[in-house]
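Visitor: Below are the chains, spelled out letter by letter.
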Amino acid sequence: MSVGKKAVGSVANYMDERVGAAKWMKKTLNKVFPDHWSFMLGEIVMYSFVILLLTGTFLTFWYDPSMRIVEYEGSYEPLKGIEMSAAYASSLEISFDVRGGLLMRQIHHWAALLFLAAMVAHLLRVFFTGAFRKPRELNWIIGVGLLTLGIVEGFLGYSLPDDLLSGTGVRIAEAIMQAIPVVGSYISYFVFGGAFPGYIFIPRIYIVHVLLIPGIFLALITAHVMLVWYQKHTQYPGPGRTEKNVVGYPMLPVYAAKAGGFFFIVFGFTAFLGAVAQINPIWVYGPYTPAQIGAGSQPDWYMGWLDGLVRMAPPLETYIFGVTISWNILIPGLIIPGILFTLMALYPFIESWITGDKREHHLLDRPRNNPNRTAIGAMSLTFVLVTLINGGNDLLATNFDLSINQIMWFTRIGVFVLPPIAFVVTKRICLALQRHDREMLLHGRETGRLVMLPHGEFIEVHEPLSPEKAFLLSSHEQLPALTAPEEDSRGVALPRGLRNKLRARWSSANAEQIDKPTADELKEIEHH
Amino acid sequence: MSQLSRYRNHRFARPVLLAFGLLLAGGLFSAANAAAESLRAEPIAISADKSTLIKEGKEIFNRGCSSCHGLNAEGAGAAPSLIGVGSASVDFQVATGRMPMADMSQQAARKAPLYDEYETAALAAYVASLAPGPASVTNEELAWERDGNAASGGTLFRNNCAMCHNLAGQGGALTKGKYAPTVMGVEARHIYEAMITGPQAMPVFGDKIISPEEKLDIIKWIKAMESEPSLGGASLGRVGPVTEGLLAWTLGLGLLIGIAVWLTAKAK
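From first to last, the protein sequence lines stand for chains Z and D. The opening position of the first sequence corresponds to residue 1 in our numbering, with each subsequent residue numbered one higher. The opening position of the second sequence corresponds to residue 1 in our numbering, with each subsequent residue numbered one higher.
For reference, chain Z alone in the conformation it holds in the complex (with noise of 0.2 Å):
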């Protein structure tokens, strides 16, 4: 044994006489993980958090979070003299006094839009997967619960510097506060502290950003991480994979080796990209005061389709009892939204009773083995999709020469009409998707290979299935849809006869697919 070696063994032996973490680590080292690309969403998910947690303590050392007003004396020419809260003066000596502030800064922005875009990615991959299934769904609801906490977090880094874009973006969140019937003015003035923009607004979000929620954040994720390992990650169906075992590759060394490098690329990559794409350029929006506002103020993408919705509703008041209730704000800000993240953390209970599926599950769905499921998905991506078209309506509207009327009408009968149609064409893609796995099960791949047969006859030549890839397309399951009865065999109506005709339906809409071929139909084809 070489000097090294013993030297280390001695240390390990030290610590693990007093903590003794030897056993654990053999075990927590020794764990193992499915392997899929996919998976690795969520690792840039929380290596942007990293990312943000750094380069936003860098960001601290310089910020002043104050919305005192002081003349800008710092060195970008075009704003010299202006009178600017702190908070702005200070991101601007970030951005061109401080050494690397401005690749910091940009950095720290663009992590943030990868942040969210990867958790939305990750979201999806969950959801269209059917991950979220027993014994999954507190999981579910605490990655729900991550994803708004990210966007309020983003939001609120959006307005800290305090430049006219961002005041511009804290003056629509106070108007969608005081669209709140009967309370609303009271809860703008609790959280200005008078009326807008008040002096104690900054420094109430600041530490809200910068504590608050990233610690909220760091219990979440740990949780949330916490179960997959305690739970184990689900994997993708295939030869000798079962809901009993996890097939993949243990943490050390693969995981902790390839983890350890995505983290370092999705670094570099960040760090690359707050060095060459400006991102943000507070400079050119100038300080925020309430008076002023400019075309094309937009808020960052993941409040976008938000934005879109707002756009897009009709000018509709109603003035009773003395209050004005602005449903042109209260729909679109808070009770669609509202609805939809409700509809979003409820859905793993939604689909469980409709499927009557009680089970655990740890294998993943095909998106195409759930077509009820995957058309969801798609209809729901289709209404942000629409939303956050509006949300950009006038930069389509000048870049391709539209009537942003025009936009907007689109995307208001988009809104309704789109989702729908996107629904029944997923689910029958999905559908189709399954007539072909049949089809390649009982007749095998088309190789494109035209045989003359001796008699003049043409064959297109078939080549049968890897046993694996035919595993693959029959192993899921296809589950009957459920039977509730409305009436009793006297044919009385039962108590909860109409909750049963609904869960009936959705049942047997869920339950739509394509059988896969029987035992004997396969058992058929050998033969010939």
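These aren't lab readings, by the way, just hints derived from the structure by calculation. Keep in mind that the hints are not guaranteed to be accurate.
What the hints assert, rightly or not - Once the Cα atoms are required to be at most 30 Å apart in a straight line, the calculated DSS-like pairs of lysine-lysine come out as:
no., chain 1, residue 1, chain 2, residue 2
1, D, 266, Z, 469
2, Z, 501, Z, 427
3, Z, 469, Z, 244
4, Z, 258, D, 266
5, Z, 80, D, 223
6, Z, 134, Z, 31
7, Z, 244, D, 266
Chain Z is fixed; fit chain D onto it per the hints.
Guide: Below, chain D alone, put in the same frame as chain Z:
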């Protein structure tokens, strides 16, 4: 040749050929475009006396403008009367190529001017002779570089212009297909003339609203924005978070997912 033809069935052969073809076509187009640009006449010193200028302007007007604006510039249908619009309007509209209009769309778009400096001056002199109106200016008359203050110009711009022209002066959408054009790459005299005449959907910013000195401040700020290098990396059009979000989703997340796929394939 045989070296090259060896790769003709390579799976990248077609995309590479296509990219090459597109590059060639694009290159030829921009070369031809640049040649056409350089053919444009250099400014000519306008030495003719005023009455000849007005006479020549009347002739150009009858040939090029009267079919819409009427033989006496009295206007008809969609074309407004030009009596009293002054030489500033003519200089702005004609020298930026907005007039004559290419088509009857929502708004006259900026394009290469049809008339040279002399013809424009003649037209301006003719229209100014019909009735008094805002007078055109020359770039030399506007001492924005000496007298302008970019910082107060920025504040004025954000107070008066940004709601249509965007915070960074990149332009923005108005209703029903109309738009506020970008103010980048516009000559100082045209910026000034636009403010005093209020072309198309733009309001007039008379000297009582924005004094001539303040107008120079605004020009100075616009020119400062124009010449400012893109700080912190390639500008994404200075149009705010839409292009940033697009880049984050396409190149950003796209590339990271590509790397995840590659890493997974590599590990096997």
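Visitor: Give a verdict on every hint.
Guide: Going down the list of hints, with the structure as the test:
no.	hint	result
1	D:266 with Z:469	holds (22 Å)
2	Z:501 with Z:427	holds (22 Å)
3	Z:469 with Z:244	holds (21 Å)
4	Z:258 with D:266	holds (10 Å)
5	Z:80 with D:223	holds (16 Å)
6	Z:134 with Z:31	holds (22 Å)
7	Z:244 with D:266	holds (27 Å)
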